[in-house]
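When we follow the UniProt record's numbering, the leftmost residue of the sequence shown carries the number 1, and every step to the right adds one.
Keep in mind that the hints were calculated from the coordinates and are not lab data. Predicted, not measured: the structure shown is a model, and the values here were computed from it. Hints are not guaranteed to be accurate.
Okay, the calculated beta carbon distance ranges per label pair [unchecked claim]:
(1) L208 / L120: 28 to 38 angstroms
(2) A194 / L49: 27 to 37 angstroms
(3) H20 / G190: 22 to 32 angstroms
Beta carbons: idealized from backbone N, C-alpha and C, even for Gly.
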Amino acid sequence: MLVTAFAPITWGASYYVTRHLLPADSPLWGSALRALPAGLILLLVARRLPHGSWWWRSLVLGTLNMGAFFVLVYVAAQLLPTSIAATVMATSPLVMMLIAWALVAQRPALPAVAGGVLGLVGVAAMVLTGAGTLDARGLVASVTAMLMSSVGFVLAQRWRDDAVDVLSSTAWQLVAGGLTLLVAAFVVEGAPPALDAPAWGGLAFLSLAATALAYLAWFAGLRHLPAGTVGLVGLLNPVTGLALGLLVGGERLSAQQAVGALVVLAGVTLGHPALSHRARAARGLARAVGALPDDSRRGVGAPTLDSPALGAPAPDAPALDVAALDVATPDQSVSGRARVGSATGSR
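With the hints as constraints, model all of the structure from the sequences given.
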C-alpha cells in the first residue's frame, strides 16, 4: 500500500510544481518533456514493442491518459489555485464509474452514485464562489482533463490483456502520447523554451517521479491490492494538492470553498465503501468457514477453500452460503466496476 500511495502523493504535488516552476506559456512543451522521457525510460526497461491492435490502442490510450491529459492539467495548474485544481480532479473515480456504466454497461452501486452526486455538489460549491477569482478557462481544462482520463481508464480496463504486462503497456502509452505532444509542440509553440535550473528540476520530478514511477506504482497496486483500497489511497491526491497549495503556496480558500472541498472528499469516500465491503466479506467468509466440518477448519490434512474436495458440502453440514461471501456473479461484474472506479486518480 505504501508503494501505491506514492502515485497520488506525487500527482497531487504536480499541480504545485507546474504552477510555480514551469513556464506558463508552454503547455505543449512542458507536457511533452514530462511524458516522452518517462516513456522512453520505461520502454528501455521493458524492451518490448506493441503488437497487433496494441499499436493503435497505445495511441488512443496515450492521447487520453497522457497526451491531451497532461496538456489540460498543465493549463489548469497554471490558471487555477493548486487546491482547487486538485480537488476538482478528485471526482475522477466517481465520474469514471458513470462513464463505465455508459460505455461498457457496468452499472455502479448506489453508494457510488450518491458519492458522485455529493462530489459534484462540492465542486459546484467551490467553483461557483461569489469572489469571481477562478479562471473559467482553468475550470474547463480541469473538468475536460478529468473526463478524458476517465474515458481513457475505462477503455484501458476494457482492453486489458493479461499477455501485456503493466510496464510495457505504460511505456507504450507514454511514448505514444509523448511523440504526439512533441509534434504538436513544434507546430504550435515552435522551438522549445529556455528553462532555468528550477524548471529543469520540476520537469525531472514530473517525468521521473510523477509519471514513470507513479504510473508503475499505481498500476501495480491495482494488480496486488483490493481495488477499493487503491481507490481510498487515491484520496491522497487532492489532500496533497490542498496541503501544498495552502501551506507552501500561500493560497487561501473562502469558507464556501473550504466546505466544498470537504464535501468533495466526503463524496469520494462514500463512493468507495471499501472498508464496509471488506468487513461484509470477512463476516461472510467467517460464516462460510463456520459451516465447514471440524477437520476442514483445523486445516491439518484437510482440504482448503480452493480445494476440489469442497466442491460439494459435507453430508451433515449446511450448504455453503455463497451470497454471504459478497462475491459478484459474472453478469454483475462488481470486481470490474471496482477496478474501473478506482483507477484514478487524477493525476
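Results of checking the hints against the structure:
no., hint, verdict
1, L208 / L120: 28 to 38 angstroms, "holds, 34 angstroms"
2, A194 / L49: 27 to 37 angstroms, "holds, 34 angstroms"
3, H20 / G190: 22 to 32 angstroms, "holds, 24 angstroms"
In the structure shown, no violation is registered for any of the earlier numbered hints.
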